[in-house]
Structure formats: structure tokens, C-alpha cells
Amino acid sequence: MATSALAKDIVFALRQQIAKIEGALPERLAAPDKAEESAVIVRRHGVAAHTLLQIGVEEIDAALGGGLEAGALTELHGRETRDAGASAGFVLCLVSLWMKAATAAPFILWIGTEEVFREAGFPYGRGILGLFGIPPENLLFAAAPKPSDALWIAEEAAVLSDFAAVIVELRGSPRALDLTATRRLHRRAQKVGRPVFLLRQGAVAEPTAAPVRFVLSASAAGLRETLDGPLPLSIGPPGFEVEISKSRAAASGRFVLEWNADERIFEDRRRGRFAPPDRGALVSLSGGGQAVEEALGAVVAFGQSGARAAHHQPSREQHTAHLRPRRAS
Amino acid sequence: MRLKRGMGIADARAMHPSIEIVEAEPDADKELLDGLADWCDRYTPLVALDGVDGLFLDISGCAHLFGGERAMLDDIAKRLLGQGFCVKLGAASTPGGAWAAARFSNAAILTPKSESAFLAPLPLSALRLAPELRERLEGVGLRRVGTLLQAPRAPLARRFGKGLLLRLDQALGAVEEAISPRLPVAPLSVERFLPEPLVRMEDVEHLLGLLANTLKGDLERRGEGARRLELQLFRVDGLVSRIAVGAARPLRDPRLILKLFRERLAVLGDQVDAGYGFDLVRLSAALVAPFEDRQADLVDSAGEEGEGIAHFADRVRARYGPETIVRPVLVESHIPEHAVTAVAVEDRLEAMPIPDVQDENPERPIRLLQHPELLQVSAEVPEGPPIHFRWRSALHKVARSEGPERIAPEWWRDRADAETRDYFRIEDTEGRRFWLFRRGFYGTAARPPAWFMHGLFS
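Chain order of the listed sequences is A and B.
Going by our numbering, the residue at position 23 of the first sequence is 23; the numbering climbs one at a time, nothing skipped.
Going by our numbering, the residue at position 315 of the second sequence is 315; the numbering climbs one at a time, nothing skipped.
Hint data in this document are derived by calculation from the structure and do not stem from the laboratory.
From the three backbone atoms N, C-alpha and C, an ideal C-beta is built for every residue, glycine too.
Please note that the accuracy of each hint is not assured.
What the hints assert, rightly or not - FRET-style restraints, in silico, Cβ to Cβ:
1. 146/A x 69/B: 21 to 29 angstroms
2. 209/B x 265/A: 50 to 58 angstroms
3. 161/A x 199/B: 50 to 58 angstroms
4. 395/B x 226/A: 26 to 34 angstroms
5. 3/B x 146/A: 52 to 60 angstroms
6. 146/A x 416/B: 22 to 30 angstroms
7. 394/B x 254/A: 17 to 25 angstroms
8. 373/B x 175/A: 38 to 46 angstroms
Using the sequences and the hints given, assemble the complete structure.
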């Protein structure tokens, strides 16, 4: 009995070591009894928990098993090229969160093909600065002629410790982007412990080495908050519809997130952004039983001809006196 | 054969019925001459084109490398003959003298002060004169250079202009004449002549490493590093390949230099064809800059932050061209596409103030189309936001809109007919957010207003 327990221990240790060498992906094990939600076990072979990038919304973090693995290749799909705003926005949200969480190097490299920058628009420094707080001087853009060139640049950049994150943007499903290429990117990201985001516009899901794939689409923006409550028909903080379409560690799910550009955090759309606005009077009532003074100003109809006009406006006679034709004497 | 320049084809055929006619190709001739000039770089960095059929080589200080002037001329003649060219050569201490020696002698080498004796019996065409001037001179009986030399200078200048005397003085060396080289001369270059041509690119790379080592010593003596490097490969059959790489920071390290050239050669691939082999390999530092020597840290010998990025950018640019990797910089401008400009990674624009975002916080898209794209738009009221629009042949229905934000042209920079834009933030029924603008006003401008898509919000 004792020997079998010892053997089990040794086998377990060896398995762990092999998993570490192979860089095995974390996997989600079915909880023994479904009754308890938190009974889900996520096995992370050799990946330290502190390299998790927490998205900051409980449901999605829980679904991902604690957060997104930072030192990994993460695939993000935009359904169509015209969704490029939403998908690029979500990537920048993640980068912004990562830079806030980790005191990494300040530079970010964004690699794309010339085609995708032409079709989906070049990333615009002013907008990125305003919404995500990433200064333009820390952004580097590389425009490669072909997808295979973009992947070459990405591989070279992924091993550099000077970049906090690398974004690779491709359009469609190029042949160069196969299991081998993505696996090379993933292994480099694992080694350096920094995220590599593979942003794909108008692509179909196909096998890649990325452990997590998000499918992104735009969601209606929230309303602008004013002191007087939300402003109707305004376009406020951007919304993202995020679907976890592939993950060994995560339960699949669909989430609607909202980016708060002031705090630089995600907020769950279903929850209110702020506490319900207090619609009480702005000025407290005076004490001592005195009558509250009526608000200043009242609607007054324009006075009749000759009558005294409200608000010291000149009467018609006064007003037009100087305009009357003078009678010749 | 009594054929003359400027003769008609019909006349020539009448005289020689079996004559072969080949059409002149001035462009191809020019290309060939350029190629020859490239090849002549092996003798001297100062090579200039002379008209359509000649080359000037400034061999001051180079002749001894080839065993003297005579040996050098023989070498040139032999090698060019091997390539299938018949050349006429001449050397002199002045360009004018060399020009005449090449055309009116058999590889003569004129020593200084011997030009007048050499030129005296020659016809006036040895002086590089304009044809009409030569005809005028011959019209008055001046047919030899010698007669011109004996004639008094003042009447000659009065009658035939200063150009004649200038050409005379240039030929005799009384007036300095400089040739204008085709290519700038590199401050530093190292080269290796090879008795046995190199055929394999691996050997070229190995030799490149050796040359880079030699160059390092030269650069160290000067306290400089190379910002641009050029590798010149001279093939035995006369083709010259020039391969250039740039560096963000001054470079000395042979390993890094070799790495950059490897990237460039990997992309060029078959374009650099060794053929029968290279017999001369030259590495030159085309642009140098002061090199800052930094003392290594005792605790941490890691380089300065950003050094890795600079080398990474160099390698990317060596492969894909200098515009591949850029950094955005904010610029003071109201026009959205001018408000951000791209600079090279290493450029530090400290002088340019970065405007405070908190100050003015207009909502800007995160992606901007490089060229605004024309839209088909229906709007409820002419000046108002659209109710639906068609972009890239897909219909978008507008759910919400904000605007307009009016951006007037910058009159101090734009053309006079630049038009005001009214920008709208639009959200369509599927939640995508766009930045569109209407160019111009209704009823005032000559052309009707048009709608454009300019950017995408997140």
C-alpha cells in the first residue's frame, strides 16, 4: 500500500515535469459534482498564477479560470473587416490592463500587413492616447508586405524584452499562419512571459496553437453620464461583445463589456456604471420652517400693445418711438 | 567604306547592299556605360561619365595599388578586353590632356608639362570644343592646336570667346578642372582583391566578417561608428552588386554588421547571383557618426534600454525597407490626418511639444483610414447627421449620432479651395461606431458636398 502511494507520488512528479518541459496547456477538469460552481479545477501545468492577466470583470475571469494567461499567444477574431474598430479596441484594452498590472517595458509593437492597415485603417495615435492612455511615442508600427513577413517580424520581436506586448494583425486566413507558425509565436511568448496578441480580421476559426480565442464584435455604446443622469441618444463608453470560442481552461461564454476610459478598467454592462444618480434637490431645504423661495424667473407672456412689458423690456411705443416718421412742421 | 555619320539608310544601302542595319539604343548604351562605370569603381572611387562614350577615372593616389600607371592601364585594357570591350585609354595630369590622349594616341601617359608638346600636332577636335566654334576656327585657318598655342591670347579671346581659352588652359593644366564623380565617396572602405573568385555566398559572408573586423579598427581610430554600410561585390564578368544597410545607432561591432547584411542577403536571395564568382569585395561605411563609448556597468552589463529595439528595427529595415517600422508623433494640427505623423524609430523629437490631452479632449477614432472613402448617404436634413449610409457596398443604418464637430481647413497651410468638414460620430444598429464627415456646405461651394468615411471607433 505504502509503495503504491509512493509510486503515485513519483508518477505525479514526473508527469508535472514532463508537462513543464512540453509546455502543456492548462486544462479544465470537470468538477466532480455540478452542484458547486466553484468546484471547477483548472490544471495549469507549470504556469505560475501571477502571470495571469485579470480582465477585471468577475464572470469572465471566472470563466477563464482566474484570468487570461499573459505569457501566451492569444487569438482575437473580428468577424468582418468593418469590425476592426471593436477588435482593435479590445486588444488595446487588454494591453492597457497589462501595462497597468505589470511594470514591464513601456514599448508596444503593432505589426500588420500593408493590406490590413489599408483596409481597416492605420491605428491613430490620438484616439489611442485618449481612450487607453498609451502615449504615441511608446507605440511602434511595422507594416510588412506579406503575412509571412509580418510573422517573421513578430517572431523576432516576441523574444525581445523591450516590448511589453506584441500585436500581430492579419486579414483573412493566410496560408503562412498555420499551426507551426502560431506554435513558434506561442513558445516565444511563453519563454519571455509577455503577451502576443494575434488579431485577425474577417477570419474563420481554424486550428492554431493559441490557447485562447476570443471572437469580438461591437456592442452598442453606453450613454454619456452627466450629473443629471445618462444623456439620452449620446454615444458614451464603448461596448464590446466578447465570446470565448476556444479555451481548454475556460468555459465558453458570451460577455458584454464596457471600457471605462477614465479608470482604464472594464465594467460589466449589466451592472450600473455608478450608483443610481441622486435626483434630489441640489440645494438642501432651509431649516427653521421658513418658506422656500420660489425659483427665480417665471414664464410671462409678452405684454399687450401699450401694456408694461415684463423684465424691463421697452414697450412697443417706447421701442419704436424713434422709428416713426417725423412730421414736418 | 565611305560611310559617314548622319547618312540616310537608303544611301548606305545603295553603296553596300548587304549592309546590316541595327537601330541605335541610347538608353541601353547609357545603361552599359553606367555598368562599366560601376565596374571601374574597383580602381578608384572617383568615376565620372563623359558624354555618351567615355569615362573619367581620377586615379590620384590609386595607381600605386596596381603597380603604377602603366600597369594599371594594362590591367584595365586586359580585363575589359576579357569582357569583350575594346577601349582606348590615356592618362594625364589633367582631364583635358587625358581626354585627348585617350582619343588620339595608343594608351599614352602624359607627364606633367608635356601636354603642350603632345597636343600641338593634334587637330582642334582634341580640345573638347563646341562644333560651331571649331568650324569658325577652322574657317580662319587655325587647324592645329599648335597654331592656337602660338597665337596671341587676347585677340583669340576677343574673337572667339572665353570658352576657347578655358579649354586650352584646362588641357595644359593652367586651370584646375574637377571631374564630377557619379557616386559620393565613402569616408571609409576596406576591400579585398581575390586571385581566385568567390562563388559561394557563405564564403562571401565569411569574408564580410573579416572586412568588418578591419573596418572596426578604422572606425575606432576615428571615434566613429557607421550609420550606413555598403557592400560592393564585383563579379568577374563585370557586374557590380551594391547592397546597403542602415543602422539606427552608429555601429562598429562586426557581429552586428554581419547580422544586418545576412538579413538583407536573405531577402535578396537569388537577386545576388555569384555567377562565375566575385573577385573583389569591398565594404564601405557610407555614412559615419560619432560613436559614444560607454563604460560597462559593474553590476549589470546590460545595454541601455531601447538598444535592443534599435537593433531589431535595423534588422527589420534591412529586410523590408526603411519605411517598414515607424513611430507616431503628435503634431499641432486640427486636420486629423495631419495631427499624427510617423518618424523613424530612433528619431527623438524632443523639441516637439506633446499637447496635453486633458486640455482638449475631442473624441478621436482609434483607426484612421489612410484616404477618406466616399459614402452614399441619406440625411434627414441637409446639414444634419445621416440616417443611413452605404460604405464598401454595405448598408449601415444609423442608430445614434453625435456632432457635428466642425474642422475648418488650415488657411496658413492648405490650398485656398480646401473645404470645411463637419464630422459626426455615428453608431449603427449593430453597434459599430464610425467617424464620418461631410465636406463642404450646401448651396455655397461650386461642387456639391460629399460624405466620407474617415475612421473607426472602438
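Going down the list of hints, with the structure as the test:
Between residue 146/A and residue 69/B the beta carbon distance is about 52 angstroms. The supplied range of 21 to 29 angstroms is therefore violated. Separated by about 52 angstroms at the C-beta atoms, residue 209/B and residue 265/A satisfy the suggested range of 50 to 58 angstroms. Distance hint check for residue 161/A and residue 199/B: the Cβ-Cβ separation is about 40 angstroms, which falls outside the suggested range of 50 to 58 angstroms. Judged by the Cβ atoms, the range 26 to 34 angstroms given for residue 395/B and residue 226/A holds: they are separated by roughly 33 angstroms.
Distance hint for residue 3/B and residue 146/A: a CB-CB separation of about 55 angstroms, consistent with the stated range 52 to 60 angstroms. Distance hint for residue 146/A and residue 416/B: a CB-CB separation of about 42 angstroms, inconsistent with the stated range 22 to 30 angstroms. In this structure the supplied range 17 to 25 angstroms holds for residue 394/B paired with residue 254/A, their Cβ-Cβ distance being about 24 angstroms. Restraint check, residue 373/B to residue 175/A: a C-beta distance of roughly 29 angstroms breaks the suggested window 38 to 46 angstroms.
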